[in-house]
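**Student:** Full structure from sequences and hints, please.
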Amino acid sequence: MNTEAALKEAVTAIEGAVGAALVDYTSGMALGTIGGDKQFDLTVAAAGNTDVVRAKMRTMEMLGLQDEIEDILITLGSQYHLIRLLRNRSGAGLFLYLALDKVRANLAMARLQLRRIEKELEI
1 MNTEAALKEA VTAIEGAVGA ALVDYTSGMA LGTIGGDKQF DLTVAAAGNT
51 DVVRAKMRTM EMLGLQDEIE DILITLGSQY HLIRLLRNRS GAGLFLYLAL
101 DKVRANLAMA RLQLRRIEKE LEI
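Residue numbers are given in this note's numbering: position 80 of the sequence shown equals residue 80, and the series is strictly consecutive.
In short, the hints are calculated from the structure, not lab data. Source: prediction; values computed, not measured. Glycine residues also receive a C-beta, built at the ideal position from the N, C-alpha and C atoms. Worth double-checking, as some hints may not be accurate.
PhoX-like mimics (lysine-lysine), calculated; alpha carbons at most 25 Å apart, straight line [unchecked claim]:
hint: 1; residue 1: 119; residue 2: 38
hint: 2; residue 1: 38; residue 2: 8
hint: 3; residue 1: 56; residue 2: 119
hint: 4; residue 1: 8; residue 2: 119
hint: 5; residue 1: 8; residue 2: 102
hint: 6; residue 1: 56; residue 2: 102
For each label pair, taking beta carbons as the anchor points, the in silico distance ranges come out as [what the hints assert, rightly or not]:
hint: 7; residue 1: 2; residue 2: 115; range: 17 to 23 Å
hint: 8; residue 1: 73; residue 2: 39; range: 28 to 34 Å
hint: 9; residue 1: 4; residue 2: 27; range: 18 to 24 Å
hint: 10; residue 1: 27; residue 2: 87; range: 18 to 24 Å
hint: 11; residue 1: 67; residue 2: 41; range: 30 to 36 Å
hint: 12; residue 1: 26; residue 2: 101; range: 28 to 34 Å
hint: 13; residue 1: 4; residue 2: 67; range: 29 to 35 Å
hint: 14; residue 1: 38; residue 2: 66; range: 41 to 47 Å
**Tutor:** Printed below as a string of structure tokens:
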């Protein structure tokens with residue numbers, strides 16, 4: 001599945017999804033976005049969450065942790081923000097970003113669905 005199809009799948013198949021993006025964390029650039037609105041600019045969110053990913057990777061390196069980040073969860077008052085780093089070779093340096101409405105979302109199911117989408121994504 002290509003980027004556009006994967007992002008569309010994320011916002012239609014995942015209950016409570018309000019937006020999704022595929023992001024290059026080396027540049028902070030969104031390679032694709034879907035959803036969001038004037039109050040929630042996914043391009044800005046993509047760039048900002050790049051800093052989150054970089055900070056976590058630096059921290060792991062300083063701690064000497066020889067492990068991989070599966071996902072990062074940020075819990076807000078009304079939303080969940082889920083960052084899933086891509087593991088396949090063609091996805092190196094990329095992450096899927098998903099914003100969810102906290103009231104409508106099932107976090108465990110969202111994580112499972114995002115993992116499935118990641119496996120089907122072809123870059």
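**Student:** Going back to the hint list, which numbers does this structure go against?
**Tutor:** Hints 1, 8 are the ones this structure does not satisfy, whereas the remaining hints hold.
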